[in-house]
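Student: Sequence:
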Amino acid sequence: MENLTVSGPFCDRCFTLNERTKKMIHRIKPEFGFGGLGGVVFYRTYSRKKPNGKNENWGDVVIRVMEGVMSIRKNHAIKNHLPWDEEYWQKYALKMSQYMATMKFLPPGRGLWACGTEFMYQRGSAALNNCGAISTKDLPIAVAWSMDMLMNGCGIGFDTWWGGQARVPKGEGYTYVIPDSREGWVTSTALLVSSYIDDKHTKWRSQDRTAPGRVDFDYSQIRPAGVPIKGFGGTASGPKPLEDLHHRIRAGFDCYLRVQNGADVTESIKQMIQKLVDLGVETEKFRDDAFETFATVQGEKTYGRTRLTADIVNAIGACVVAGNVRRSAEIIIGEVGDEEFLNLKNLKLNPERGSVYWMSNNSVRLSKTEHFTEYLAGIADRIRDNGEPGVYNQINARRCGRIRPSSSKGKSTREKEEDPGTIPNPCSEINLESGELCCLSELFIGKCLGDSGKFSLNVYLKAVEYATFYASTVSLLPTSWKLSNAVIARNHRIGVSMTGVADFYDTYDFAHLVSSCRAGYKQVRKINRRLAREAGVAESIRVTTNKPSGSVSILAGVSPGIHFPTFQRYIRRINVGDHHEMGPLLQAAGVPHEPSQTSAATTVYEFPVDQGKARAAKDITIGEQFIMLRALQQEWSDNMVSVTIYFDPETEGSSIERMLAANISSIKSCSMLPHTEAGAYPQMPYEGIDLETYERLSSAISDIDWSKYNGVDGEMPRFCNNDTCEG
Numbered sequence: 005m006e007n008l009t010v011s012g013p014f015c016d017r018c019f020t021l022n023e024r025t026k027k028m029i030h031r032i033k034p035e036f037g038f039g040g041l042g043g044v045v046f047y048r049t050y051s052r053k054k055p056n057g058k059n060e061n062w063g064d065v066v067i068r069v070m071e072g073v074m075s076i077r078k079n080h081a082i083k084n085h086l087p088w089d090e091e092y093w094q095k096y097a098l099k100m101s102q103y104m105a106t107m108k109f110l111p112p113g114r115g116l117w118a119c120g121t122e123f124m125y126q127r128g129s130a131a132l133n134n135c136g137a138i139s140t141k142d143l144p145i146a147v148a149w150s151m152d153m154l155m156n157g158c159g160i161g162f163d164t165w166w167g168g169q170a171r172v173p174k175g176e177g178y179t180y181v182i183p184d185s186r187e188g189w190v191t192s193t194a195l196l197v198s199s200y201i202d203d204k205h206t207k208w209r210s211q212d213r214t215a216p217g218r219v220d221f222d223y224s225q226i227r228p229a230g231v232p233i234k235g236f237g238g239t240a241s242g243p244k245p246l247e248d249l250h251h252r253i254r255a256g257f258d259c260y261l262r263v264q265n266g267a268d269v270t271e272s273i274k275q276m277i278q279k280l281v282d283l284g285v286e287t288e289k290f291r292d293d294a295f296e297t298f299a300t301v302q303g304e305k306t307y308g309r310t311r312l313t314a315d316i317v318n319a320i321g322a323c324v325v326a327g328n329v330r331r332s333a334e335i336i337i338g339e340v341g342d343e344e345f346l347n348l349k350n351l352k353l354n355p356e357r358g359s360v361y362w363m364s365n366n367s368v369r370l371s372k373t374e375h376f377t378e379y380l381a382g383i384a385d386r387i388r389d390n391g392e393p394g395v396y397n398q399i400n401a402r403r404c405g406r407i408r409p410s411s412s413k414g415k416s417t418r419e420k421e422e423d424p425g426t427i428p429n430p431c432s433e434i435n436l437e438s439g440e441l442c443c444l445s446e447l448f449i450g451k452c453l454g455d456s457g458k459f460s461l462n463v464y465l466k467a468v469e470y471a472t473f474y475a476s477t478v479s480l481l482p483t484s485w486k487l488s489n490a491v492i493a494r495n496h497r498i499g500v501s502m503t504g505v506a507d508f509y510d511t512y513d514f515a516h517l518v519s520s521c522r523a524g525y526k527q528v529r530k531i532n533r534r535l536a537r538e539a540g541v542a543e544s545i546r547v548t549t550n551k552p553s554g555s556v557s558i559l560a561g562v563s564p565g566i567h568f569p570t571f572q573r574y575i576r577r578i579n580v581g582d583h584h585e586m587g588p589l590l591q592a593a594g595v596p597h598e599p600s601q602t603s604a605a606t607t608v609y610e611f612p613v614d615q616g617k618a619r620a621a622k623d624i625t626i627g628e629q630f631i632m633l634r635a636l637q638q639e640w641s642d643n644m645v646s647v648t649i650y651f652d653p654e655t656e657g658s659s660i661e662r663m664l665a666a667n668i669s670s671i672k673s674c675s676m677l678p679h680t681e682a683g684a685y686p687q688m689p690y691e692g693i694d695l696e697t698y699e700r701l702s703s704a705i706s707d708i709d710w711s712k713y714n715g716v717d718g719e720m721p722r723f724c725n726n727d728t729c730e731g
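In the working numbering, the protein residues as written are 5 to 731.
These aren't lab readings, by the way, just hints derived from the structure by calculation.
Each hint should be verified, as a subset may be incorrect.
To be verified - Below, computed lysine-lysine pairings styled on PhoX-like, alpha-carbon distance capped at 25 Å:
| no. | residue 1 | residue 2 |
| --- | --- | --- |
| 1 | K27 | K53 |
| 2 | K141 | K349 |
| 3 | K486 | K27 |
| 4 | K53 | K712 |
| 5 | K458 | K99 |
| 6 | K78 | K95 |
| 7 | K26 | K141 |
| 8 | K305 | K274 |
| 9 | K486 | K78 |
| 10 | K486 | K526 |
| 11 | K54 | K27 |
| 12 | K305 | K141 |
| 13 | K26 | K466 |
| 14 | K466 | K372 |
| 15 | K372 | K352 |
| 16 | K372 | K274 |
| 17 | K530 | K78 |
| 18 | K530 | K466 |
| 19 | K95 | K27 |
| 20 | K712 | K26 |
| 21 | K466 | K95 |
| 22 | K458 | K526 |
| 23 | K289 | K305 |
| 24 | K289 | K141 |
| 25 | K141 | K99 |
| 26 | K54 | K26 |
Unchecked claim - DEER-style ranges, computed between Cβ atoms:
| no. | residue 1 | residue 2 | range |
| --- | --- | --- | --- |
| 27 | E91 | R537 | 47 to 55 Å |
| 28 | A490 | G217 | 41 to 49 Å |
| 29 | E304 | D16 | 27 to 35 Å |
| 30 | D385 | N56 | 42 to 50 Å |
| 31 | T697 | D652 | 21 to 29 Å |
| 32 | T655 | A592 | 32 to 40 Å |
Think of the CB as a built atom: it goes at the ideal place given N, C-alpha and C, for glycine as much as any other residue.
Make the full structure from the sequences, and use the hints.
Tutor: Below, the structure is given as structure tokens:
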């Protein structure tokens, strides 16, 4: 398979920090956020196992990441016969390391976990990128590319543009022996999809395809469950997730073809479910529950090309998660008038999707002005009922960067170019071309403090510079996919994301936030332009964004993205396996804990959290949230702003359509969800508490002795949603 062939090391000109800088980094004590919770997130998620068997501490990770990103820039310069001043870049790395170590800016979670590792040097930049997108117009290409990128940890966006041209595999069949590698899993799945699609409909080719017709698989070479995965960490799942994926794809195509040939839809879907039960993919209870629901279905069931495309995409994501590759985030973009798309998460109509529907966020594309008047009311009704679909305003996403008056002045940049992107990433903060990847970095505006302890514009602008340097540099390192490298080289798209916006907004004022956004954007463009010229590459077409953030914001102890916290003070519960090395350390520090009521051999630990000055989300009206979204889309983000607008179903549900209509022309994307009651079920992930309870709980927890935590590779989160991006 040509696209997955790696000819040699991607980065072989290594940069090593001098000893003085390393000692300085190790002297900086990390100030992890929210008491002990930030440290737990760091050691559980981003601390890698070192060759000596010990775990990286914060200083080790800063050094690894800094040496990794500087190696990328050095490698690019030397291989392209460009100037490289080692003394200058050592001094630059010293200052940049200080800002990273004190968490004024950070790489994304992807960078904390993978930058500077052997995987990066040998395999390229795929694992460093947050997100990508691929069109399903060429379905085998989409399957191969997306599965590879998901297994590298990227979140992927998809459209529903596959034309639906399929047929029963013809010709003499053959057996493909699947190699024990990521490439083997990818190739096998693409071979299966292409067997249902004529060659003339795809550009995908593989040297492994030895004959036309039906393909069967030999899984004997795949390592058994529990064996360590050397290249990407974690442990192997065995072949079952891949077998289940192949069964789902084959059953989906067979159902689709039966329906295309005039068979009854419900009966065809029943046959599909029964086949999956017989193969051990679904349980008999799942089948019985689905069949029972069929008897009460109100509406017309369908199984067309949109449904098949979504089933394949979601099944790939479920396979990646089950395959212990840690993360699988997807978004599917559908056409606004496609009822089959709008019903993908309607389990009353399509209960058989219950095993895979949760793998993706689903948003509708608004690509014509008449869509606003024709469809917004219907979209609002669906949002009020179940919180989906999200809204992707492709008109704005393509025509400009920040949504500002056309008379805005300043140096000419690529911001005013039309964006060729057609698909957002899973959290809808980046608009991407098919095959494009993007690296994000995070800027913590509320931590950019001067000697007085108050916000410093100079410190902030320096943090902006370093965040820009990181993302711009990652875009210089190619991937193993030629189609991606071509798009990245053309766009060099990055996303410097501002996080902790709600904290800053409630600490200072709105005018302060707006002026900081304007100054920061100007700085990002200035630094990106300079770095591009030095590297001899194109300036980035887009440079800023607001990602929802997640675990990285917990490291720094700030509110996520532009979101307000669910509660001002709360208990955050996390599950830890009883045999995990972290458990004894948490117990020794006095972290409250109890056996899990839902998972065997698992303990639930409770951390008290104080979000600071940021108000709770329930205290922010839908109107104020839209004001915040519009301001960030106008003054900061020339990509998109990822946001979930929360609303009170009782008092604000009737205003959703009006709020969407009033704001849609000024935004690029948004999702909306109803506030839900806290509930009273045991061991909730979040439970609001008062100040007295917070102080009592936090005073009982001592510092965790992380020096005793060794021999465990960080575990990247398995998936994300619109409100929490863990990458």
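Student: Which numbered hints are broken by the structure, listed smallest first?
Tutor: 3, 7, 10, 14, 15, 16, 24, 25, 27, 28, 29, 30, 32
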